[in-house]
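Participant: Chain residues, written in single-letter form:
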Amino acid sequence: MSANTAVAAKYRNNFLKEIEEQVEMGDWVKMCMQCGVCSGSCPTNFQGAWEHPPQELFMMIRAGKREEVLTTSSMWNCTSCYNCIVRCPRKLPITHIMHGIAEYAHRLGMAPKLQPTRFFSGLFWKNATKTGRVNELKLSMGLYFKDGFVQGIKNGMAMQAVALGLVKAKRLNVMELFGGHKCKDQKGIQAMLKKAYEIERSRKTARIAG
Amino acid sequence: MTEHVATNETILVVGGGISGMTAALEAAETGKNVVLVEKNPALGGRTSQLYRYFPKLCHPICGLEINQRRLKNNPRVRVLTLAEVSGIEGDAGNYTVTVKVKPRYVNENCTACGDCGRAVETMVDDPFNYNLGQHKAAYLPNAMAYPQRYVLDPAIIGSADADRAKAACKYGAIDLDMQEETIQVKAGAVVWATGWQPYDAAKIQPYGYDRFKNVITSVEFERLADIHGPTGGKILRPSDGKEAKNIAFIQCAGSRDENHLRHCSRICCMASLKQTHYVREAYPEDGKSTIYYIDIRAIDRFEDFYQKVQADPSVNFIKSKVAKITEDEHGNPVCHGVNTEGYKRYTTPHDLVVLAVGMEPSVKGVNIPGHIVADSSGFIEADPANGAVFGAGCASNALDVNRAVQSATAAALRAIQVVNKVAKAEA
Amino acid sequence: MADIKVAAYICKGCGLGERLDTDALVKVAQKDGKVPLAKSHDFLCNADGVAMIRNDIANEGVTHVMIGACSRRAKTEAFFFPENAVARANLREGVIWIRPDTEEARETTQEMAEDYIRMGCAEVKAMTAPGGNANTGSSKTLLVVGGGVTGMTTAIEASKTGYPVVLVEKSGALGGWAGKLYKRVPVHEPYKSPMDTGVADLASQVMGDSNIKLYLNATVAKTDGAPGRFVVDIATESGATHTEDIGAIVQATGFTLYDMNKLPELGGGQSPNVVDQAGLEALATAAAAGDGVIRRPSDGQPVKSVVFVQCAGQRDTTGQHLSYCSGFCCNASIKQAMYFKDANPAVDTTIIYTDLRTPGNGEDFYRSAQEKGVVFTKGRVAQVLPNGATSTVKFHDLILDDADAAMADVDLVVLATGQVANSGVNIETLTKPQVEGQEGEPQAAATVEVKPISILNLSYRQGPDVPQLKQGFTDSHFICFPYETRRTGIYTAGPVRRPMDIAQAREDATGAALKAIQALENAELGRAAHPRSGDLSFPKVRLEGCTQCKRCTVECPFGAIDEDEKRFPVFNESRCRRCGTCMGACPVRVISFENYSVNTVGAQIKAVDIPDEFSEKPRILILACENDAYPALDMAGMNRNEYSAFVRIIPIRCLGSVNTIWITDALNAGYDGVMLMGCKSGDEYQCHFVKGSELGRVRMSKIDDTLKTLNLESERVRDLEVAITDIQRVPEMIDKYAAELVAVGPSPFKGF
Amino acid sequence: MSKHEYAFYPGCSSQKGASASNYLTSVEAMCKTLDVKLTEIPDWNCCGASIGYAEAGELPRHVLNARNFALSEQNLPGQEIVATCAACWLGARETRERLTHSDTLMADTREALKEAGLTINEMPEIRHMVEVLIEDLGFEEMAKHVVRPLEGMKIAGYVGCQTNRPFGVAGESFENPVYLDKMVEMVGAEPIPEYEQKVTCCGGALAFSEPEKAQAQIKDIVESAYDHGAEMIVTPCPLCQANVEIYQGQINKRYGTKFDIPVMYYSQLMVVAYGGDAKAAALNGQVIKARRLEEIAAKPVKR
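Residue numbers (the working numbering), protein chains in the order written: chain G, 1 to 210; chain Z, 1 to 427; chain F, 1 to 752; chain D, 1 to 303.
Don't read these hints as lab results, they were simulated from the structure. Watch out, some of these pointers could steer you wrong.
As the list claims (entries may be wrong) - Some chain G residues near chain Z, calculated using beta-carbon distances under 7 Å: (1) 34; (2) 35; (3) 36; (4) 37; (5) 39; (6) 91.
No residue lacks a Cβ here, since even glycine has one placed at the ideal position from N, Cα and C.
Next up, chain G with everything else stripped away, as it sits in the complex (with noise of 0.2 Å):
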């Protein structure tokens, strides 16, 4: 029964509908018209990086692979050159769906744990939200330290020399530790972010429900 059930799903229209209704341009899905440009275009794809290029992504939407869509790691690998967006034939913006899909796989936490720039990606925005301006310098300690202090030490070294040609270039800023760079009216931006994710949230349960 369930994998008759499974074989019933696949091929449904359900995902591809979750997906346009959750997904930032998510309802571009289905205008894709399989030429392959955008996976020949990626250049992280062309290092043989993601496991499911754009173009099959969309494809396994379509014939309902939701599992293997959201759980895989290849959206992580969009290094946003949009290379893939100028080249599609059909206008699809490519980028900003994988950006979408991402997004919504780290929502659901169905996104691998141990995706090194989906973790960037949240501490960036963690990071460049929290006083309304980036702090260069705690966002890198950030990175390295995701695995814990010993291996944080570890990568530290390993950008050691990196970061003494910034620090030397006045380029990196030690005292960004402390205080640094932001913006005087944080609680505003605080504030209207929170709105923002309020607004986002009733728009998409509409959109489900309607």
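Add chains Z, F and D to chain G, keeping to what the hints say.
Facilitator: Just chains Z, F and D, lined up with the frame of chain G:
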């Protein structure tokens, strides 16, 4: 040919390619008077620049020969070359058409003996060969040229070369004082058969047509294969004249692409399948063709041709829109992309890349006097608002030759219906 | 025959004066050509030269004109004398342009020119200016067979042009296939949604047109005669037969959907919930009449998921089904998927295809379907397994490279089966070929069923219907000339001659109407149809000499010749295309045309001056097809590609018109060899008379016997396939052959 | 009163002591010469960058950028916003496009902005500094100020991604933009138009999260510059600059290469060509020192 006077029972056909010639001849052979206007110095249009037709692999100039003979034997068709329509006044059954006729600088005395060509020194680009080669500034447009009469390139008018040409002609055929003239032609109906132009490949930036010598278009490739072409029918690549044996054909170069042409140009798949035959013909031992495609559109009976090519071991099909082309140190164009059937990434060098460029209606951008209803791609649509101006052939749709001829024959009847009404009314 | 006066004009222009001894040529014309009037002119094609000729015609009583100048393909406006018999001796492209301008070449070049003058004079004398045939019919009525969109369009367009129409439809209603459609694919901007079929409108136009005589529940019982004078018996349901005088015929008998019962693996015939495109149209029409919900045939439940299987029984490589693509089905399935989506976006609609084929603006229609949520899956369907009310569709997903992909619980499966032409009887299979060599040609492929019932019931010698191509479509295998069937005055239109959609069928129908109108107009004037359009000559036969061998009646590529009860040939001029195949076939040489006959060519062959065997000047006769080989030779001249001075070239209408007597005459006269240059024959024929070159070759394949009886080497006759582009290859062939003949040695018949 | 006034959005990386601080320094000097007046948008915030996507969501991202628009409108009414950072420019411009094309998004954005006591009335133009240079001033004007041509320097123009796609500079091709080469020519140096890596991606944020992937691409970018005989790379993008410059050491370790090629901003070249000294051009800000440029910068200006 006796030049009949055009009346509002006359049918004006704009464009002397296969569609225009067909419309003109079919109408004339049904007893109607026709004025055929062609902007080039000779009839034949784009099909006369093709080496072979699909799917029969026969030669376009074979049919052209027949049509020319029909023309030679039919006084009802009056041909104006180097002529372009600049205005249409009036309405169905009663048009006055203004035609600008450029000077040929050669009159009907010309016997096509070629003395002027030998006398002239200046070389100019040869548009018949898509400027892949050059010809003398006094020239016969092509071997099948009708009218079989030389032309002087305006570039040499007023130069010593022009005088040399004049001096060389024993028959007083060269008239350096010819001026552009504007004539008015009465017509009851107009068949607009101005055909198509290849989409500007330079606009497809990832393919580097403007940067890489060895990336050419499908229409240019026809000239390479043609005995009358710049290489005398040898398939040699432009950069270094090396034999091009490993050739890539890229489909939908401009077509089916919202950044370029929205529509599918219909002919390109078959054209590339046909062109793989040129490669095999030129290099039976080690010729190799690779077709990069999205969908192979070998429609109706053409499917057989597709199946034949598929069975050919020298032809390789890859379902992929090539992402970009780069050039390696040997001047080989390198195709980058992903084979979508199984996701195999490729980075493949070829001797030559042929872009199967899309079909753009020649009317696009051209403002047809008395605004005509066209679709989003610029093809003339069948619409009552067009009065008695009828689109035919590739001016009306992306068509292969066979369908273009059907379309032109149909357009001829629509035109006849109008002039017959006129005749009835006057009788 | 009225007394004739021949005049020969030799041009000195284009270097002829410098390269040749034109005075000598004038003498040759007088002495050997025996023409009373021979002149030379510095520039024959200019106003003055032409005036001279016109003046001689007007005042000197010249009836026959021999022009020794450039090729017959050049300066045609100048040398346009439709009232007179005209021959052209090709001294420019045919002589000085293909010979080196050297002292040593001078003699042979001059000999060449002199022979062409002799040949020209001999030819023109054997000609008379064609006058056309008076006794052809003059019916201006069109018969249209088939009352579908194509037939109705043809009828309406012809009527609009001012010609009466008889429309015969076998069923009880107009509309055909399109009449069964719920909606059609859009044909103008915006290409986004299905539109009304327009069939009702067409039908009312037809019924409301007093110029169109409509026969429903009727078939064509007998078609007799020829363009301009067809006599057609129309059998009606009541059993009554009506006879109509018809000028020309358009066959628009459409297609039948490929039988889905032949596709059990795809569920065809296995479940009411597996339908073909016609089935789906019926469901959609029913739904539209009701609550708009398309329901499952088995139990009337609303369809929640539907799968369209493209190329069902099409593009088949196994030989079991249709090998071709029907072209219309991709757009049709897209349209049908929209029936569901437009009514209820929640319905799952999936189209499984291998190549999606939506040319032109179909691409917009495709995009529109995607916007509406139709899912497109590139895959190859292996199996449709109905179980109960639903089915499981098993397929190979080509994108995800999954050979075991499947969709379960599908409510409805639509098989996009293709179009099978309703083209009547396949005469190739009906009548065993009676001429040797035709065995080699393709019989109707196994994939196409031979329909037993004739559509036109032609009383023609060669069979009751229009010849077909291997896939059962009517033969119109030209790219440049799609309408040319092998039955003059009978044109086929719509899906009967190529798979097509409604838009194309309507365009096709309009074009066919013109061709039919043209055919009956030409018939009245006794003018030939394509490709020798306007030719006023027509075959004349001396029946007293005829041996009733039937070669002409069997071979005529256009079935123009019937047999009377005494088995004598009955020529139907307005069916004739003037290719001369009958003339070539006739063993007793009783068939000829006024301006082209066994004699016009034979006289030229005999006129050539044959040097003796010691002169080391062989003579080679070339009979070259005027459509392809001859222009190729011309262009070789324009390119100054040289070839042997020993050849003498005679243009012929078609290889099919070559009578073996010409060859034997030539060989007896001491020619060392004969080259025959004709077009490609066979499946991909390039012969403008379709079978002409093939029949000619069959005939020539038997020439060896003749050679044996003359005990000559087989090398003495060479049959070559030449295309119009062979401007380099032809000279090479000629020189190669000339060299071979030297090896063979001179003909023993010289000097006899 | 300057001919050209803009609301300036420097972005996080251009701040003092941040990874592109040298960019800011050189831009300020460049604008001084060109009489372009930049007024920093008070209390501007981060654009969210592309990489924030995991948490950003759609609306919050746009709201962030919208806040900058609102501040600009409030404090520098009527002025176009100019960004020097590719990501800032792209992020802001994307928000602009989306808000102009979706009323719902606009309404939602306004509602969120209320929380910060802000609002937007009209949409500002979002410009990149190179757009301002090329479109508002023009090459002729830029060239006028060149007093110290960088003669004999062969420089690879590396445009990268986000200054080029999806918006890019008007009239330029996504695959082969030429404006940077023109700028190199303009400052008297020798461009390398056939440099085929000019729009290759540097790896962006992956340089942090997955260095090996980014560095594989950076290697190609640098290698090709060497192959074409470049002694310097110039770019308009802070992340490109940083990625291509600072990881050369690690790439050398990883691939056994000997990369040591300076990576500059167009603004630094211009400042030197305009007669500015090493400090004004922020040459000290290079991790890989641009020796030749420093020498030229030390030379007296020929008037």
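Participant: State for each hint whether it applies.
Facilitator: Hints, one by one, checked against the model:
no. : hint : in the structure
1   : 34   : holds (6 Å)
2   : 35   : holds (4 Å)
3   : 36   : holds (4 Å)
4   : 37   : holds (4 Å)
5   : 39   : holds (4 Å)
6   : 91   : holds (5 Å)
Hint violations for this structure: none, all hints satisfied.
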